[in-house]
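Undergrad: Starting from the known structure of chain A, arrange chain B on it as the hints suggest.
Number of protein chains: 2
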Amino acid sequence: MEQKEIDGVLERVRTALETGNVSNAIAALTTLHPADQAEAFADLPADDQVELLPQLDSETAAGLLTELEDEEAADAAAQLPTAQLADVLDEMEPDEAADLLGDLPPAQAADALAQMEERDEVIPLLGHPDDTAGGLMTSEFFALRPHMTTQSAIDFLRGLNRDTATPYYLYVVDRQGVLIGIVGLRDIITSRPEALIESIMNREVISLPVGTDQEEVARVMARYDLLALPVVDGAGRLAGVINYDNIVDVISEEATEDLQKIGGSEALDEPYMLISFWRMVHKRAGWLVVLFLSEMLTATAMGFFEQEIKRAVVLALFVPLIISSGGNSGSQAATLVIRAMALGEVRLRDWWRVMRREVLSGLTLGAILGSIGFARIALWQSAFGTYGPYWPFIAATVALSLVGIVLWGTLTGSMLPILLRRVGLDPATSSAPFVATLVDVTGLIIYFSVASVVLRGSLL
Amino acid sequence: MEQKEIDGVLERVRTALETGNVSNAIAALTTLHPADQAEAFADLPADDQVELLPQLDSETAAGLLTELEDEEAADAAAQLPTAQLADVLDEMEPDEAADLLGDLPPAQAADALAQMEERDEVIPLLGHPDDTAGGLMTSEFFALRPHMTTQSAIDFLRGLNRDTATPYYLYVVDRQGVLIGIVGLRDIITSRPEALIESIMNREVISLPVGTDQEEVARVMARYDLLALPVVDGAGRLAGVINYDNIVDVISEEATEDLQKIGGSEALDEPYMLISFWRMVHKRAGWLVVLFLSEMLTATAMGFFEQEIKRAVVLALFVPLIISSGGNSGSQAATLVIRAMALGEVRLRDWWRVMRREVLSGLTLGAILGSIGFARIALWQSAFGTYGPYWPFIAATVALSLVGIVLWGTLTGSMLPILLRRVGLDPATSSAPFVATLVDVTGLIIYFSVASVVLRGSLL
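In order, the protein sequence lines correspond to chains A and B. Quick note on the numbering used here: the first sequence kicks off at 22 and runs consecutively. Quick note on the numbering used here: the second sequence kicks off at 22 and runs consecutively.
In isolation and in its complexed conformation, chain A is listed as follows:
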């Protein structure tokens, strides 16, 4: 659906509501796909949302709440009378209903749950953290027994409510509910009607325990191209099924988290436009303060070289250029390695190969920047005489420092994520600003040390 069509519908909904014609507003909204309904709904003023939602039938409201962002859905649902909220929750997929209940005020969630018809499907899902296999799974799945025939499986499918989501795979469980096999829908259609399920099922089922982290769930589903992944409890019993559409969200969510961390902030965990101002400032201030406190060491480091700066102020002029080059090359290396680790391209045991690559990269990149730096100083000198008779020494100081600092930056940037993973922390914690800060302090020491050797007897 094009953006302008959604905007057009939004306009019609608002006009209808202004003239008090709620049924026209609903008619306009429901021409859209639920995902687009959610976008239009979210753009309505709060008053209009409160007016419209209770007038929708339960199925439409359920589709809308499923597609809204978690926080928007909770805010909207909180406005519904309990009985109506229970009806809407009954229309949602059990896992979506469980997520929404978890975001509602506890008292309201308990009341709504008590009035739900399908609460028995939702209650087992409530105890699992959102970011685990248990939190992602739905209890709506189809378990067959090994001694059924394919014909009875088809009859069973025919008997299902048409609103039930289409299963991609059917799971086979034994008498204790333990998962023992999987059958594709198509295998059932294309086998003889009297064939037994156990004769067509695949016994090599990939499954994960309820407590598995969502990142691992996404990795497994993407690796094996699974449309649905069965989740088992401690005894191997089928507890639920994770559908692929959850995984698309997880992959996107995990990339967002990594990116926000690399950018030097805590993961927001909420959309930028929806998170409250103070929560956002809180998530951003933490790292900024830590970085600021660490960066204070640069003032201390420069303090050690105060006498050198007094004697050769020209040294101070290149400080930003020098340290930012270390920071930039470090950010680059860190980002490449963090992403390669997240994608499984770089593993812990590859550290030595990464280090060898980055030492070579650092030397090469440092030599490139160092040559440009030398050329810049020579050029300014010949044009304006900026740096006086000792300019070759100044140029050599800058060039040599750049090689050292860029090498040090790439090495720190590439090894820090690996080190963090090694000690069990998230590699993405070694954010671009964090690496830059680390490299700034050491970069200053490298620069002034090189200067004190090269410029001894001339400027110092």
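What the hints contain is simulated information worked out from the structure, not anything from laboratory work. Any given hint could be a false lead.
Derived CB-CB ranges, DEER-like [what the hints assert, rightly or not]:
no.: 1; chain 1: B; residue 1: Val380; chain 2: A; residue 2: Gly307; range: 19 to 25 Å
no.: 2; chain 1: A; residue 1: Ser79; chain 2: B; residue 2: Glu92; range: 49 to 55 Å
no.: 3; chain 1: A; residue 1: Arg370; chain 2: B; residue 2: Glu92; range: 40 to 46 Å
no.: 4; chain 1: A; residue 1: Glu237; chain 2: B; residue 2: Phe163; range: 46 to 52 Å
Within a straight-line C-alpha distance of at most 16 Å, the following computed EDC-like cross-link-like pairs (lysine to aspartate or glutamate) qualify [stated by the list, open to error]:
no.: 5; chain 1: A; residue 1: Lys331; chain 2: B; residue 2: Glu327
no.: 6; chain 1: B; residue 1: Lys304; chain 2: B; residue 2: Glu329
no.: 7; chain 1: A; residue 1: Lys304; chain 2: A; residue 2: Asp290
no.: 8; chain 1: B; residue 1: Lys331; chain 2: A; residue 2: Glu327
no.: 9; chain 1: A; residue 1: Lys25; chain 2: A; residue 2: Glu39
no.: 10; chain 1: B; residue 1: Lys304; chain 2: B; residue 2: Glu327
no.: 11; chain 1: A; residue 1: Lys331; chain 2: B; residue 2: Glu329
no.: 12; chain 1: B; residue 1: Lys331; chain 2: A; residue 2: Glu291
no.: 13; chain 1: B; residue 1: Lys25; chain 2: B; residue 2: Glu72
By construction, the Cβ of each residue, glycine as well, lies at the ideal position given by its N, Cα and C atoms.
TA: Chain B only, in chain A's frame:
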């Protein structure tokens, strides 16, 4: 599959190959899922790969090549004799075969294509760029006609080769091949055998033209939770189908690109461990040099304030602290806004709301860092007397500059991605190092301007 099981198989394969027992090596390898086979295969020495691949049956080789990274697959496939390569390509999905052919040396690709039995399915896929809907689609799909009965559709499915991938949806086309409807597999099973396809098909089909960018394809499939998306040519004729597993890769790929750009490098477009050293240095050096050249302006800017630095060397000591704070807050804001734009949370028309948020954030964060900076100077002064009698002026200079620079950093960081999108560029180009560099130069000017006002009559 656990990593150590894959490693165990790898060990057995290598031992078998060392003793010249190729059939044992194959037996060990084929106990694994193709995705795991590919991982073990990629870890084999090149000699072993060359020895093993031609001995695999076509189906196993096809599964292996499909799961390898593009470059690894092309290197391995290039070792096969043409006739065998053609057999392996015939066993692959047409879209995977087309991708592999595109990565092979042109002469070898042409020879292999000429010997393929299924070349008619692959040739139409070859003309589309990799990152468009046409490049992602497969020509292996199932088109029904509106006047078929569900029973004849089931018979048609039963007649398919069992190796054919399971279709999630069946598409309905008219006499000209124009896409007019879609039917779920389950609707076919659960309808009466004599029902006509046109009576159960859904006429509201979401489809995209062949030229659509892969990012848009991923957005649409994720938004509408589609397992498969039909692709149509200019006349609305069904040209191919994109399956959801491609989308997981695209989402991951796009996030990788954004991340690498934000880290201040060009997108590598190849896995970190596989890209050649010089290609990688090339992709990294470009931005580093641009940043370095821009950062040279800091030396020029500081040159303007050389006299001030000579008179008050203490000013130079805080330069790294001050400019890095601007860079860090800018990187943070840029990353948050870039990701929010990629996720569709922030649109161009939201620029004013983003700016309002960031002005407030910048002032708050600047005030926090400014207070800490003031406290640090006061503390050092009372402990060591570091800054002399004028310390309150120095502290005030640092604190006020921090407020200004952090505000300027967040504002630049947040507005630059929006501006880039507005003029049709990729917002992720405003990388963390790029924003930091921009803010460094202006940060110095802010800092020394504040200093020249606050310190006039005391230190300056």
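Undergrad: All hints are to be evaluated individually against the structure, with a verdict given for each.
TA: Against the structure, the hints come out as follows:
no., hint, result
1, B:Val380 - A:Gly307: 19 to 25 Å, "holds (21 Å)"
2, A:Ser79 - B:Glu92: 49 to 55 Å, "holds (52 Å)"
3, A:Arg370 - B:Glu92: 40 to 46 Å, "violated (21 Å)"
4, A:Glu237 - B:Phe163: 46 to 52 Å, "violated (34 Å)"
5, A:Lys331 - B:Glu327, "holds (11 Å)"
6, B:Lys304 - B:Glu329, "violated (40 Å)"
7, A:Lys304 - A:Asp290, "holds (10 Å)"
8, B:Lys331 - A:Glu327, "holds (11 Å)"
9, A:Lys25 - A:Glu39, "violated (21 Å)"
10, B:Lys304 - B:Glu327, "violated (36 Å)"
11, A:Lys331 - B:Glu329, "holds (12 Å)"
12, B:Lys331 - A:Glu291, "violated (49 Å)"
13, B:Lys25 - B:Glu72, "violated (24 Å)"
In terms of the numbered hints stated before, the structure departs from hints 3, 4, 6, 9, 10, 12, 13, listed from lowest to highest.
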